[in-house]
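Same order as they appear, the protein sequences are chains E and Y. Under this note's numbering, the first sequence has 114 at position 114, and the numbering climbs by one with no breaks. Plus 1000 on top of the position in the second sequence (first one is 1) and you've got this note's numbering.
Please note: incorrect hints may appear among the correct ones.
As the list claims (entries may be wrong) - Distance condition first, Cα-Cα at most 30 Å in a straight line; then the derived DSSO-like pairs of lysine-lysine:
1. LYS1099(Y) x LYS158(E)
2. LYS1099(Y) x LYS2(E)
3. LYS1099(Y) x LYS157(E)
Calculated directly from the structure, the hints in this document are not laboratory data.
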Amino acid sequence: MKSGIEFVSDDLRKLQADDFANPGMLWVARGEKIWGEAAGNGGKSCAACHGVAAKSMQGVAARYPRVDPGAARLVNLEGRINLCRDRKQQAQPLGPESDELLALTAYVAHQSRGVPVSVTLDMQNRKDFERGRELYNRRIGQMNLACTHCHDRSWGKKLAAETVSQGHGNAFPAYRLEWQSVGSLQRRIRACFYGLRAEMPPYGAQELLDLELYLAWRAGGLPVETPGVRR
Amino acid sequence: MFAAVAGCATSAPDAVLPYRVDGDAIRERLAAAPGDAARGKAVVVSRDSNCLLCHAVPDSGVRFMGNVGPSLEGVGAQLTEGQLRLRIVDSMRLNRETKMPSYYRVDELNRVAEAWRGQPVLTAQQVEDTVAYLLTLR
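Use the sequences and the hints to build the structure in full.
Have a look at this one:
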């Protein structure tokens, strides 16, 4: 099993490895700032409850998406952060792909850098997982291809100028040159839907969460890289 | 053929015309006019068809070409007109697991984005033009 970083150019690999040059670190730094700021009617910051992120958030991202006991549904890291915004801070949830949500997610996930991805499958997430696997293997769009056709059966090959990777999510949120920004795993998956000329699920859609869970399961053991750098 | 019954409710009635498969080929033209190789080349190098995402065509003048599929160099000598036509129209008829998209088909597709729903990737004439061009690759 290979992380996507093994398929990018040397330049990008160096960029990702150097915290002073990695553009994604700007989002991490912004996330660190927001972590310490009081928000919402509760008037509390993330830090007020969770303390030092390097301790309290270490390894957390590697276990997501997971079924949240309180919400009793599958949530990804962004969704979990928004649960705290809503319930613990009494603040407005942050919009998908908003700079603040990306920054906080990148910051929290960064605390797991190097930790192996490990989601556990159980009775609670089994259905989500099965749906994710089914969608991953279903041909979609006018191009009539499934994720598996590229990311299991064509990795290492060239799609025009790009080398197809195994399609793991362990680097996200990641900085993409094409976006000139950090973006979420859902944004990356939506880009693949778009390329296949398939209807894109909206951000936060159950289908995307299911796919995220399936991706996390198949990436089991790969280290979290956030913030990754990609083309 | 089922491709004709095709289309379900969403496709224009004439989006995909009926055709007949003989063995591994479609022998008859899909369009009235014969294919034009020059127009076919334009189809192959275009971003609409995306052929070069997966295939190399030497002398196409395109800088980045993929290799998810085999190089199309010499394909005009290896396959007949009818064989090329079927491979472009619907390679899944030859191999359910193929990674080659079906270019002239609207049925049994999943969640096609609205802008493309009910339309094949290529028109019948574009398929003919593409076949004519591929036949020149010898």
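Given pair status - LYS2(E), LYS1099(Y), alpha carbons within 30 Å = Within the cut-off at roughly 22 Å; holds.
Can the restraint linking LYS1099(Y) and LYS157(E) be considered satisfied, given a maximum Cα separation of 30 Å?
-> Roughly 13 Å separates the two Cα atoms, so the pair holds.
Restraint status (C-alpha distance of LYS1099(Y) to LYS158(E) at most 30 Å) | Given that 30 Å is the threshold and the Cα spacing comes to 13 Å, the pair holds.
The earlier numbered hints are all upheld by this structure, with none contradicted.
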